[in-house]
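Student: As a plain string of letters, each chain reads:
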Amino acid sequence: MPHLLELHDLEVRFALRTGDIIAIDGVDLTLDKGETLGLVGESGAGKSVTGFSIINLISKPGYISKGKIIFNGDEISSYSDEKMREIRGNKISMIFQDPMMTLNPVFTIGFQMIETLQAHRKISKADARNIALEKLKKVHIPSPEQRLEQYPHELSGGMRQRIIIAISLLTDPAIIIADEPTTALDVTIQAEIMDLLQELCESENMALILITHDLGVVSQVTERMAVMYAGKIIECGLTDQIVKHPVHPYTEGLIKSIPGTVITPGCDLVQIPGMMPTLTNIPPGCAFNPRCYLKEAICTTKTPELKDAGNGVWAACHMR
Amino acid sequence: MNTDNIILSIRNVVKHFDISGGFLDQIRFKKGRFRLEETTVKAVNDVSLFIKKGETLSVVGESGCGKSTLARVVMGLYPPNSGEVHYGGKRIDNLNHKQMLPFRKKMQMIFQDPYASLNPRKTVQQTLEEPLRFHHPELSGNEINDKIDQVMEQVGVDQAWIKRYPHEFSGGQRQRISIARGLILDPEFIVADEPVSALDVSIQAQILNLLMKAGRERDLTYLFITHDLSVVRHISTRVAVMYLGTICELAKAEDLFADPRHPYTKALLSAIPVVGEKRAKQIKLKGEVPTPVHLPTGCVFHARCVYANERCLHQIPELLTLDNGTCIACHAVEENRIIS
Numbered sequence: 591m592p593h594l595l596e597l598h599d600l601e602v603r604f605a606l607r608t609g610d611i612i613a614i615d616g617v618d619l620t621l622d623k624g625e626t627l628g629l630v631g632e633s634g635a636g637k638s639v640t641g642f643s644i645i646n647l648i649s650k651p652g653y654i655s656k657g658k659i660i661f662n663g664d665e666i667s668s669y670s671d672e673k674m675r676e677i678r679g680n681k682i683s684m685i686f687q688d689p690m691m692t693l694n695p696v697f698t699i700g701f702q703m704i705e706t707l708q709a710h711r712k713i714s715k716a717d718a719r720n721i722a723l724e725k726l727k728k729v730h731i732p733s734p735e736q737r738l739e740q741y742p743h744e745l746s747g748g749m750r751q752r753i754i755i756a757i758s759l760l761t762d763p764a765i766i767i768a769d770e771p772t773t774a775l776d777v778t779i780q781a782e783i784m785d786l787l788q789e790l791c792e793s794e795n796m797a798l799i800l801i802t803h804d805l806g807v808v809s810q811v812t813e814r815m816a817v818m819y820a821g822k823i824i825e826c827g828l829t830d831q832i833v834k835h836p837v838h839p840y841t842e843g844l845i846k847s848i849p850g851t852v853i854t855p856g857c858d859l860v861q862i863p864g865m866m867p868t869l870t871n872i873p874p875g876c877a878f879n880p881r882c883y884l885k886e887a888i889c890t891t892k893t894p895e896l897k898d899a900g901n902g903v904w905a906a907c908h909m910r
Numbered sequence: 557m558n559t560d561n562i563i564l565s566i567r568n569v570v571k572h573f574d575i576s577g578g579f580l581d582q583i584r585f586k587k588g589r590f591r592l593e594e595t596t597v598k599a600v601n602d603v604s605l606f607i608k609k610g611e612t613l614s615v616v617g618e619s620g621c622g623k624s625t626l627a628r629v630v631m632g633l634y635p636p637n638s639g640e641v642h643y644g645g646k647r648i649d650n651l652n653h654k655q656m657l658p659f660r661k662k663m664q665m666i667f668q669d670p671y672a673s674l675n676p677r678k679t680v681q682q683t684l685e686e687p688l689r690f691h692h693p694e695l696s697g698n699e700i701n702d703k704i705d706q707v708m709e710q711v712g713v714d715q716a717w718i719k720r721y722p723h724e725f726s727g728g729q730r731q732r733i734s735i736a737r738g739l740i741l742d743p744e745f746i747v748a749d750e751p752v753s754a755l756d757v758s759i760q761a762q763i764l765n766l767l768m769k770a771g772r773e774r775d776l777t778y779l780f781i782t783h784d785l786s787v788v789r790h791i792s793t794r795v796a797v798m799y800l801g802t803i804c805e806l807a808k809a810e811d812l813f814a815d816p817r818h819p820y821t822k823a824l825l826s827a828i829p830v831v832g833e834k835r836a837k838q839i840k841l842k843g844e845v846p847t848p849v850h851l852p853t854g855c856v857f858h859a860r861c862v863y864a865n866e867r868c869l870h871q872i873p874e875l876l877t878l879d880n881g882t883c884i885a886c887h888a889v890e891e892n893r894i895i896s
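Note that the protein sequences, when read in sequence, are chains A and B.
Using our numbering, the first residue of the first sequence is number 591, and each one after it goes up by one.
Using our numbering, the first residue of the second sequence is number 557, and each one after it goes up by one.
Derived by calculation from the structure, the hints in this document are not laboratory data.
Among the hints, erroneous ones may be present.
[What the hints assert, rightly or not] A partial selection of chain B residues facing chain A, derived with a Cβ cut-off under 7 Å: (1) E618; (2) A754; (3) S758; (4) Q838.
Source: prediction; values computed, not measured.
Glycine included, every Cβ here is placed at the ideal spot set by N, Cα and C.
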């Protein structure tokens, strides 16, 4: 069966005066109907750019320089802006990090929801309003009729994020891309939003791409995950497996450096020395080699490819 | 309780912020009359706690619970509306600027955002030597440089970078420099307000290790403000959980995580995502945190609490000490109404 979404050898560059920066370097990903995929990495790893590139939201000076994005059998990476609008916000929706910034402060919730629907479908205002109400109920918003008349500032952060999820559901998308949807929220609210996303994926048979730096969230919500480092996927596969038995030394370090995973309280945490290279200055060979405790001569000369590490996990490491 | 060991204690501290604005903003029309009404944010309400020498006390809570305000009251950055702050047995909240100076040397603060807390126009050298020149005018240039070198080495920043400006450093390195600035006066007590929240996980581990190492080597006492419960569990001796400006539970870290007693603490702990574990049944809270402008009557948590009864609605629960030293403010715990 063909996949719902496929990224083939995707490369995204940013053209700067000093030369091109490769933000995404040969990323391959697949996503099936109803599947949840986590995209993990530290800031600057390229996880958000990957998410943005799927719906062609990369703005100048960035551009997709190589590779294909295939959605439902169509190569959407070659679509014109006009044609892309039928996909973006319609069949593939996106949820952003800051619920404060995503909603327009000068329009009511109802106006923004109806506008979204009318942009994608020929539909009367009354019908659009009914759909909006139905979606608000789906995200468990109390007294939805009242909310339609309210402005974003009247709602709390968690409530706003629910509204945004409701907006992204309006057009019954096949995929939702959620870019750090709970980073700006408190833990108790985060847990509720994650539950909601998981529940919706099951009930609507939607696929979810969850972009986050929080391994705890990924391990609870997703079935598969991909770990990114300096623009490349360095490990991907079944979430449960990766979290319990990480193959790549970076993933291993990342998991061990979280307080409360392997180290007893009060003792020193396992730390990865150094920091992620800037994209202008990626070391030759494996990008992780200066920080790696397994480093050998080959790591500084040859870039490792993703290879099958067994148990449904693929990792890009010469040593493992 | 041995009081000799107590380095800092705060008693019944209250901090409200007036946000009512100007005269015209305060006018309200009620029951046929115009009247003036003040709007205040009740950030911290009647909080008492003490910190023993050498321990790490963490204050946790969700945004808006007053934990950062509490830290600033402790440091003397905000004067409390009422209540007292004692440091080493002396009351410090009513001191004037000059009387406060010797305490400022002993108490230092590390802030959350290393991008905002370092002056972009000052080199690392200038940033680090300023507190020394201010508090120790007797030191010579060489002595100052020695001191800076020593601190830079301790926090793991290359001494060769001393002439650089903050923008040339990454977030983790900037936080190291902030910590160096906090350590350079050899303080006894450090207030760290979310020192690792803005950092990536792998960098966060480096900074936490650094803070713990400095704590051991210099025998520091920390007041650690954070919302990240896994960090709290790792570094704290004792933990205070705050909700809407009041402490609802204060316990030894291992007790709190093994056996949370307050309904809010239970819900908070059950919400932490743990790597490699599918979520156990999460305790869902109804509703949302009320605003600190209009505090609920009685227990501030009652509207979201499943154990709330008539008494919780009207009477504010006091912080009671249980047998194992855990302090808890909850009528339901007191009356043994919670069956776990």
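Student: For each hint, tell me whether it holds in the structure or not.
Tutor: Hint-by-hint comparison with the structure:
The closest approach between the C-beta of B:E618 and any C-beta of chain A is roughly 4 Å, which is under the 7 Å cut-off, so the hint is satisfied. Interface hint status for B:A754: violated, as the beta-carbon distance to the closest one in chain A is roughly 10 Å, over 7 Å. Taking 7 Å as the C-beta contact cut-off toward chain A, the hint placing B:S758 at the interface holds, the least distance being around 4 Å. Below 7 Å, beta-carbon pairs count as interface contacts, and B:Q838 has one with chain A at about 5 Å; its hint therefore holds.
In summary, the one numbered hint that this structure violates is 2.
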